[in-house]
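*Asks:* Listed in order, the protein sequences are those of chains S and U. Using full-length UniProt numbering, read the first sequence as starting at 1 and increasing by one per residue. Using full-length UniProt numbering, read the second sequence as starting at 1 and increasing by one per residue.
Derived by calculation from the structure, the hints in this document are not laboratory data. Take the hints with a grain of salt, since some may be wrong.
What follows is a list of derived Cβ distance ranges for each label pair [claimed, not checked]:
1) Ala296(U) / Lys186(S): 29 to 39 Å
2) Arg311(U) / Pro182(S): 32 to 42 Å
3) Ala137(U) / Val56(S): 48 to 58 Å
4) Pro167(S) / His151(U): 52 to 62 Å
A quick note: this is a predicted structure, and the numbers were derived from the prediction, not measured. Note that the Cβ used here is the ideal one computed from N, Cα and C, for glycine as well.
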Amino acid sequence: MSAPAIGTTKTAHSDVAPKKKRGPGALATAYLVIYNVVMTAGWLVIAVGLVRAYLVRGSYHGLYFSIEKPLKFFQTGALLEILHCAVGIVPSSVVLTGFQVLSRVFLTWAVTHSVREVQSEDSVLLFVSAWTITEIIRYSFYTFSLLNHLPYLIKWARYTFFLVLYPMGVTGELLTIYAALPYVQKTGLYSVTLPNKYNFSFDYYTFLILTMVSYIPLFPQLYFHMMRQRKKVLAHVEEYKTE
Amino acid sequence: MKLNGAFWPSSKTLCLAQTHHLSSPREHTLSQAVVFFEVEILDAKTKDKLCFLDKVRPLHKYYPQWYAARQSIRLDPKGKSLKDEDVLQHLPVGTTATFYFRDLGAQISWVTVFLTEYGGPLLLYLMFYFRVPFIYAPKYDFTTSKHWVVHLACMCHSFHYLKRLLETLFVHRFSHGTMPLRNIFKNCTYYWGFAAWMAYYINHPLYTPPTIYGEQQVRIALIIFLFCQVGNFSIHIALRNLRPPGSKTRKIPYPTKNPFTWIFLLVSCPNYTYELGSWFGFTLMTQCLPVAFFTAVGFIQMTVWAKGKHRSYLKEFRDYPPLRSPILPFVL
């Protein structure tokens, strides 16, 4: 079996490295390295911001406000990753990456930002911390991979931390959406009712409930996929430790 | 590939060879020069030689569940399936022929799929039109809309799906008899889901008829719709006539005496062009956003199909008319 080219993989949920030799060109690699370094730095800023705010306030509550802007900026910036896949400099599925990034962006903007009342909920801290740690590891993983100097520790962390962070993040996300429900229903946020001249209606409240329900089939699939990846990647450890 | 011979149905690959005089008992055996082929059966994955035959027996004698439609026989494990019409003697094999078998999974006939996926929208729409209970508020049960465009839309929608059902039964000539079973679930979800979604709004008590250009808009939309329905039907007939009954020949379609087929000059798949036109007309007629979504999604899917068909036309026919586009003249 040919050795997978780890350096060019950049999938959100799958690191089954393609067997093809051609990865991004030199220019694309340079760009991707810069992109991943910037993202790593950005999420580190968020991490530091959270810690500092905690130390200053002395409590876990309301830490969202101290990192609101960098969170929005760097999480939204991840949309570029869809472009990377579409253009081909990253060998991942556009659909899978798109789904992953859009769901994060949805939570950041369409739930947390839009429904002010949930911003002070503790569930927000739960998913923000999960995302922060995950992203710092993930982006540094990609950075090192692109430079072909991936420390085993980073690889191990990437494929191990998710075991806790994934459920943690999902819990935070679900609790946040749940907390937003009453306000959405009361204000009719993002909803369209009949009659109207385009004969269309949309109930955001129902949509959010359906979103929550969708976690039931989706989360286990993604989680077990990562577990299978873990077995595969960490099992080949001896081959890749030196390169 | 019909070798009267055996198709060993294992999930393994199967290698066949055949003796000349066993190729088809009904065929005349040729002269006395008997050419013997041998069959060896290999596992597609491990390439182990499972067995070696110098006589061939019918496949379903051993494994009745692997009926012919599920069999995919190919010369290369990853290659294309051989066709039923392929004759062993004309294939690039030596005296020992090696074939690979793949189980295509449970199959269902195209006719069955089409009838189910089109029958659903026909019935569902009517349920919404007649305002069957549990859809809208109880006070509206079994009432009818006061807008004439709603009646018109019901007639058009029903006509469209009735036409499709009749074409499936009497017009279309299918290249493949079957498709994978899971397709019926996918296809029905799509058609039935969208039909219900559209029908819900068009037949809603709070439906708002077209306001932008009112009656004139509906009239123009109806003309477009009918024109494209006739066009679509004309193309289906023209395509049917390209292919003699029972055959699977493929020819380049050309304009006929019917003016609706003159579009073949500019487009490879005018059936899709007309279909898009019909739904565009229906969107205009109902001024309903879900209908617009359905039209858009259908357009995307049909464009993908048209491009594929166009490409295979180009590959298959050296003299394919260069002026034609896949689905939209000059544009797409």
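*Asks:* Given the hint of 32 to 42 Å, check if Arg311(U) and Pro182(S) actually sit that far apart at their C-beta atoms.
*Replies:* Given about 54 Å between the Cβ atoms, the range is violated.
*Asks:* Ala137(U) and Val56(S), beta-carbon distance inside 48 to 58 Å?
*Replies:* Taking Cβ atoms as reference, Ala137(U) and Val56(S) lie about 55 Å apart, which means the hint holds.
*Asks:* Return holds or violated for the Cβ distance of Ala296(U) and Lys186(S) against the range 29 to 39 Å.
*Replies:* At roughly 33 Å between Cβ atoms, Lys186(S) and Ala296(U) fall inside 29 to 39 Å, so the hint holds.
*Asks:* Given a hint of 52 to 62 Å, does the C-beta separation of Pro167(S) and His151(U) actually sit inside it?
*Replies:* Between Pro167(S) and His151(U), where Cβ atoms are some 54 Å apart, the hint holds.
The earlier numbered hint that this structure contradicts is number 2, and it is the only one.
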